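**Student:** Assemble the complex: chain A is given as a structure, and chain B must be docked to it using the hints.
Chains as they are written, first to last, in our numbering: chain A, 16 to 534; chain B, 16 to 534.
In case anyone wonders, no lab produced these hints; they're calculated from the structure.
Heads up, some of the hints might be wrong.
Chain copies aren't distinguished; within one or between two, either way the pair holds.
Unchecked claim - Think about it this way: if two alpha-carbon atoms lie no more than 27 Å apart in a straight line, the pair counts; the simulated BS3-like pairs of lysine-lysine are:
hint : residue 1 : residue 2
1    : K341      : K308
2    : K341      : K288
3    : K65       : K90
4    : K47       : K314
5    : K314      : K65
6    : K49       : K90
Since we're looking at a predicted model, the values are computed, not measured.
Residue strings, one per chain:
There are 2 protein chains.
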Amino acid sequence: MTQENSGWVISVTVSPPSLDDNTADADRLINKLKSILKTDTVDVDLPLLKTLPLQIRKWGYAARCVCFKDRGRWKLVGMKGPRDVDDSGVCAGIAADLGTTRVVLRLVNLETGETIGETAFDNPQIEIGPDILERIHFADNAAGLENVHQLIIDGFNHHIDTLCKASGVDVSDVFLLAVSGNTSMAHLFLGLPPGHIIREPYIPVVNTPNTLAAKELGIRLNDTARVFVFPNVGSYFGGDLISGIVYSGIHQQDDIAILVDVGTNAEVVLGNKDWLVACAGAAGPALEGGVSKIGMNAKPGVIDRIQIDPASGAVDLHTIDGLPPKGICGSGMIDMMAQLFAAGLVDIRGKFVEAACGDRLRESDGIRRIVLATAEESATGEELSISQVDIDSLIRSKAAMYTILETICRYVGVGFSDLSTFYIAGTFGSFINPRSAITIGMIPDLPDGTYQSLGNSSLGGAAMVLSSPNALDEAIEIRDRITYLELNVNQEFMNRFSAAKFLPHTDPARFPSVQVKTT
Amino acid sequence: MTQENSGWVISVTVSPPSLDDNTADADRLINKLKSILKTDTVDVDLPLLKTLPLQIRKWGYAARCVCFKDRGRWKLVGMKGPRDVDDSGVCAGIAADLGTTRVVLRLVNLETGETIGETAFDNPQIEIGPDILERIHFADNAAGLENVHQLIIDGFNHHIDTLCKASGVDVSDVFLLAVSGNTSMAHLFLGLPPGHIIREPYIPVVNTPNTLAAKELGIRLNDTARVFVFPNVGSYFGGDLISGIVYSGIHQQDDIAILVDVGTNAEVVLGNKDWLVACAGAAGPALEGGVSKIGMNAKPGVIDRIQIDPASGAVDLHTIDGLPPKGICGSGMIDMMAQLFAAGLVDIRGKFVEAACGDRLRESDGIRRIVLATAEESATGEELSISQVDIDSLIRSKAAMYTILETICRYVGVGFSDLSTFYIAGTFGSFINPRSAITIGMIPDLPDGTYQSLGNSSLGGAAMVLSSPNALDEAIEIRDRITYLELNVNQEFMNRFSAAKFLPHTDPARFPSVQVKTT
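Okay, chain A solo, but in the shape it has when bound:
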């Protein structure tokens, strides 16, 4: 597109019709848009055609046109009068991060790209089941699919309404919705049968959906509003990652960078402007604090940082909002593990060192645990402790993560030191202390400043699509460009994994910056 700064809203003025120029109203406008957008075709939906003649006459043959495109094909989505004759409101769009657990909506001014408002809500499909598998099984028959689909559509409608009201924007002034979610969430959002996603050979219904009419999905926005759902690369590499790549800019950089979304699944993209390789693998829920009895999502009273004094072994817990501790989040777990190791409370195998732990070490049913907060100190009235089982699980997860990173880099013949930037995506990722993650050998030992947290890159990429036609093109191009590497858990992978199950690694030379208290 030529008008980079104008985003999706194009201001046009056309000459009024005359006996010498009897071009139809729609074609008159479309011809102008075609020349501005340098394209052959601009489609118009029927409801817009019906009102177009009245509006364009009212506005003196000038209009602000909201346009959108689907793989090169432009569509006139909505119209407003020129600003001096039409003060009926903004041209708005909504970017959505459609998470399995949480959904975030951001209302964006399509003309300026500015954020107007934002809201978040729990994915209402949680009532079917907190994890994806349960929802997919539930959707195995048509009634179940319709049910789980309608839950998320209703959730969108309700919270879009609320967000618009709170922001003083009329819902009918929302012309575009860009939705970024993993492959399963996108399927359920579209009402597509997700059954084959989880069954070998793991096949989605669609990789690159068309843009859709919001109406067709039952989403209440402007009558002709369009919905863009980010394309996926496969069942385990979804549109949320494509959106994250758009947001990171990896695909435009000269230098090689890596993007990692840390979670139950570790999704990794490696590349630059010339090539992109991606893979995904199970890292285990331990990284999200999801295995430990006291693991929980970040919220007030949850331990998110830990300091252990190597000299005294004293544990200094930091909780969100400074409240008495009631649990520990994923980034807190990584911090804790790093501190336990650095202070010598666990050895390189992750086993508790009895002498160093002192009376914090307890044992019941043959399982050792270390107490982080006593029943008196905790908010729950119960002891907060981490068991050897929790630690073993965390070590397996961090080893899986490291092995995935090592495998993808080896696949393309890139060393960790070749990485100019190591992007950590996702809200959870933004809380991880890279130094702690390096200390336990979860991520490679790269210089400070190499690690960059992207925050909610899934939402960020969706918002970029709302403000720039280029970003939309990029999303499609990225999907088509990515080489997806199927991780074969072969002997070589297992050997790497075994080596990575030490703290930080069986080969400490890989982590020169990690200083460990030697007892």
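**Tutor:** Structure of chain B alone, referenced to chain A:
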């Protein structure tokens, strides 16, 4: 498209998915179609996506795909299994000639192009008003528009149902509908406000509509069926003419040909494969038998041919089905006029020659008339006669037609003798005896065999679009290629018109073949 013979139905087989090839079901099929159709994008609507995974597995990763395109952009519209595993019915389409008075539907097998069945019905909008103007005025407010729109949609649904039932075709096996009608009828069919069509400067809402979802229009066919409405060149040159051009093949011929749709409006296209010029002008209803008191549409008992013996002045009426006469149709009027003139009953000004008419000539209220059938001879019990007023009106109409033909040919510098073929379009046109039309100077004096009747070319072009992707492309190209000549009723036009108000013309040298009885 490369597969000329296969029409819109493409048979494909794809390799089943595997761990090494995790392309989504839809993309797997689409990629194959893209390579066959040599295109970048093939869209799929949501309802089809929902059923696609189940179907394609059931059919062993093979399918007959009904595809359609809208200005270069392909869409997968429907699917059936390969013939050896799926005997659930044909892939069908419907071609529609949407006339102001009459609607004709033709059910077509999309794979073979064969006609399966045909039906016709009166345009139900006649209850609003028999002519276009009344309907447009009625549609001036939203409720009126919705009313007149819904009448034709309901009519389509009802008669499509009946046609399909009679032909043993399931309505859900109809994937395409191609509609050819004049600009006003197309607007009312689409529910677009037609008000500016009849108000200077005569501007349609749209010249080239997108193809639409049948569902969006409320037309009940397959769930994802598409509707193509022929584009128009302007308010007075509609999609029915574009369809007629496609059918005639003028746009592909080396030699120059002319296509004339004779009616209240005379629409004319002149050209060849390199250029096309069109114009439209009022010829008056006289040519359709619409002015005379005894004028009526062709039906049993209506006079469609007349012979007058120059020697005796005896009148030999031919009626449809040989029934006693009750009126005269348009082609009968032209025949009658030619015979009156050839037999010397009217002079070159069209005035009755008293001596030649004998006792058939009557007069009342100062207006002369010639009796074709007495009250005893007629089926109505009333005398059937043609007045001087009827004849004057017919002469004005034939003069207008000839002047329009002369004007458009002069505009491009083509003589009548340069015309290789003179196509007469429309059902009415097919009844006209060219020799009679030449005799009265309505059309130029060209050799026998130059004149060709096309029959219902509007329906014919629509049916061609259903059997050939090329024909669809041609319809759009023709629209874009046509130079529309606005007929200015200036002094030069009026001079030509005055000269043409004689029988056959003030300059008889233009009609050397016309032999007139000299008294």
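**Student:** If you test the structure against every hint from before, which numbers come out violated?
**Tutor:** Violated: hints 2, 4 and 5.
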